[in-house]
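K.L.:
The chain contents come next:
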Amino acid sequence: MRELNQILVPKRRSQERWFRFLLFVPTMVFLVLMVIFPLVYSVNISLYDYVRGREPRFIGLGNYLQLFQSEQFWLVTWITLRITLTCVAIEMGLGLLLGFALSQRIPGMGFFRLIIFLPMMLAPLVAGLFWRLLLDQTFGLVNFFLERIGLQPVEWLTNPRFAIWGIILTDVWQWTPFVVLLTLAGLGTIPPELQEAATLDRAHPWMRFKHIYLPYLRMPIMLAVLFRSIDTLKMFDVPYILTGGGPGDLTTTLSLLGYRNLFAFFKVGVASAISWFVVIIVNVLVNILLKILSPKRKIPTETVDTGL
Amino acid sequence: MAEIRLEGIQVRYGKRVVLKEVSFSVPNGSLCVITGPSGCGKTTVLRVVAGLTHPERGEVYFDGQRMIHVPPSERDVAMCFQSFALYPHMTVEENWLFPLYAEKLSPEETKARLTEITTLLHMEPLLYRYPKQLSGGQQQRVALGRALVRRPQLYLLDEPLGNLDAKLRVEMRAEIRKIQETRHITTLYVTHDQTEAQAVADQMVVMDFGEVKQVGTPEEVYEKPRNLFVAGFIGTPRMNFFPVSVEEEGGKIFLRHSAFTFLPLPQEQALLRERKRECILGVRPENVFLSPIPQEEAFPANIEVIEPQSNELILSLRGEGIVFKVRYQRNELSFRPEGGEKVWVQFEKEAIHLFDRKSEERFN
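Chains A and B are the protein sequences, given in the same order.
Heads up: the first sequence begins at 1 in the numbering used here, then just goes up one per residue.
Heads up: the second sequence begins at 1 in the numbering used here, then just goes up one per residue.
Simulated from the structure, these hints should not be mistaken for laboratory data.
Here the structure is a predicted model, which is why all the values come from computation and not from measurement.
It is possible that some hints are incorrect.
Keeping only pairs whose Cα atoms sit at most 25 Å apart, straight-line, the calculated DSS-like set for lysine-lysine is [as the list claims (entries may be wrong)]: (1) A:Lys-210 to B:Lys-104; (2) A:Lys-234 to A:Lys-296; (3) A:Lys-298 to A:Lys-234; (4) A:Lys-296 to B:Lys-132; (5) B:Lys-132 to A:Lys-210; (6) A:Lys-210 to B:Lys-349.
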């Protein structure tokens, strides 16, 4: 029996190893086909002077150099960053406040909790259209009400000063509920007896926020900031539908610039270079934000068994 | 430092009634133990007193003042939660300092309190650990400490020693008792461990299914349990119950069971004559005499199991149609009992408990 085991056990082990590998294969195939290959391919393309209909020519970092020397590119980068930072700041602030408000156990709150998530369920394109109509200079509702209360109508989408705020408004309207959702989820994980203990310990609101709420909200806040900044950095559909990037280039985002290069000017190489620049910016910014947001002191998670 | 009074407290979670007409009062500066089996509403009583649970009906008074509408943070109570409820993102020390912020103490006083509680709970080496790095017993001590650093009107301790080992538990209950007496702070103490309850209590409240079954000193509850539930709940091993019929013979009342006939004392004779029904006879295991030779008014039974405890023996005996337990000090027994041995059994007449069979209330 023992001899048999000595033969059978290693055999079964090697079979198991193969089986494990087999389970891994579909994921690998999917990853290579859908993620790794396109990525590598687009890096490759960004190194070519490639205009649709012409023979691609290898120019090394030429596309990037061309971009970095272009004033328009830096303007667009700056606008993208401005939109991102403003949107994330407003959405986080507003989302946290609304989250706290909606977490109160007041009758009827369930209804508000439900409808506040509606904007998030719309396709961004639809939200864009929606706001384009609302903000329309002549027949939009927003200006209608502004006039009603005796203010000047604003050229929301064409005035160089306000156009960017039209974009920000749309994004904030649509994605603040996402922050609210994460805040509510985070607040839901706080054990109720912890709040009761804090009540009996007579902790004042600030202590309560700092020591009870914040530790449980840190992760949701980090997630929200991450998702929202990644999303806004790549923003395309809202300016596309709302302003078309104008007036001038004042609401053009990097993604919109890339899109134009590809589909209007057929500059495939330049478009790829822009996309890669977006990837780099996203990574840098996200890492900076994570550094800022991660807790100052590490709480050990391992449990130490010390008897009683 | 307050006298607590509860009047007709009723609490319902959905359809389930958790507390039914709970009323009792705790004198200023005394320690009241609330005890009862799991799920009987002990914790809910504490929560009502703390103001964390709002009763459907009823009133809570501190020193005669209505407290029902006073928010929990203004009731000045310190609670030790059964689930500990430690702040997970703070060290042991910070957990203890947290309730002290509101007390606005001088730095020296804060330090003194901290040192006192640290030595009391033997937590010196663990002060800078986080709750997750502590064992259950240590966490419980932190929870207890967070209540005891304060000097509130009222301590509410919910199973404060449940997770400690036996040695520490005995030590801690003495410490709690000492602290409570020297500080003279009224304390409500929940435990399901009735030895612990007996050891620390000035007053005991025995509860079952959301109802108060008896309020009294530990001695009263033990010696004069008011009903079958209290009689069975307090004391280990539990009281022996024999359903007996009440019969009159030659002008005397006898309690008759298939295994024995018992002649009660004259004062109980009168009581029984009025009732003349079936009733339940309760005898505590330590109120049973055993003898190896036949005695007057004794009945025979066989020893089935012998469980030696530290200095006493717990014997299970089987008579005709009955099984009951006897507790004996080792040195009090005149003979060496052996399994299967036949002995003669007598009940101590002064220490019997008589209960009505229907209402389960005590009547002697």
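K.L.:
Now tell me if each hint is right for this structure.
P.N.:
Going through the hints against the structure:
no. : hint                   : in the structure
1   : A:Lys-210 to B:Lys-104 : holds (19 Å)
2   : A:Lys-234 to A:Lys-296 : violated (30 Å)
3   : A:Lys-298 to A:Lys-234 : violated (32 Å)
4   : A:Lys-296 to B:Lys-132 : holds (18 Å)
5   : B:Lys-132 to A:Lys-210 : holds (19 Å)
6   : A:Lys-210 to B:Lys-349 : violated (66 Å)
The structure fails to meet hints 2, 3 and 6 from the earlier list, while all remaining hints are met.
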